[in-house]
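Peer 1: Sequence:
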Amino acid sequence: RLFKESQARWKDSLDRKEVSFNEAVSKITQIKVATHDELTEINVDLQERMERISELERELRLSQDNYRAASERNASLNEEKNVLKERLTGEIERLSRDYASAMTALNSFERAL
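The sequence shown begins at 2 in the working numbering and counts up one residue at a time.
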């Protein structure tokens, strides 16, 4: 009889430990599933952010290319402006000399009359 009671207690203890073990496994599984879900969300968020960073990098490269092109065009226009300015200055100097010559000739003509 003692043996049967001892055996019953031992079986009861094993049953409780098995229940505790199964509850622990269940909680670990729930944590594992929740962790997996969170990691999946984090991964999706990370992918979206990486895509946005790639878009921003493309926009930055395009902006830099546009800036370089605009700078080159500006430099070209400045060179063209300087050439035209020199040409205009030369033309004004030539016209001034022609005007002075014409005035001298006119004065000489008026004196001759």
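Among the clues, some could well be false.
[To be verified] Here are the simulated lysine-lysine pairs, BS3-like style, with alpha carbons at most 30 Å apart:
| id | residue 1 | residue 2 |
| --- | --- | --- |
| 1 | 28 | 18 |
| 2 | 18 | 5 |
| 3 | 5 | 28 |
| 4 | 18 | 33 |
Simulated from the structure, these hints should not be mistaken for laboratory data. Bear in mind the structure is a predicted one, so any value in this text is a computation, not a measurement.
Peer 1: Between residue 18 and residue 33, is the straight-line Cα distance small enough, at 30 Å or below?
Peer 2: 22 Å, holds
Peer 1: Could you grab the alpha-carbon distance between residue 5 and residue 28 and see if it respects the 30 Å cut-off?
Peer 2: This hinted pair is violated, its Cα atoms lying about 34 Å apart.
Peer 1: For the pair we were handed, residue 28 and residue 18, check the Cα-Cα distance against 30 Å.
Peer 2: Distance ~15 Å between residue 28 and residue 18 Cα, so the pair holds.
Peer 1: Is residue 18 close enough to residue 5, meaning Cα to Cα at most 30 Å?
Peer 2: Holds: residue 18 and residue 5 sit about 20 Å apart, inside 30 Å.
Consistency note: the structure conflicts with earlier hint 3 alone.
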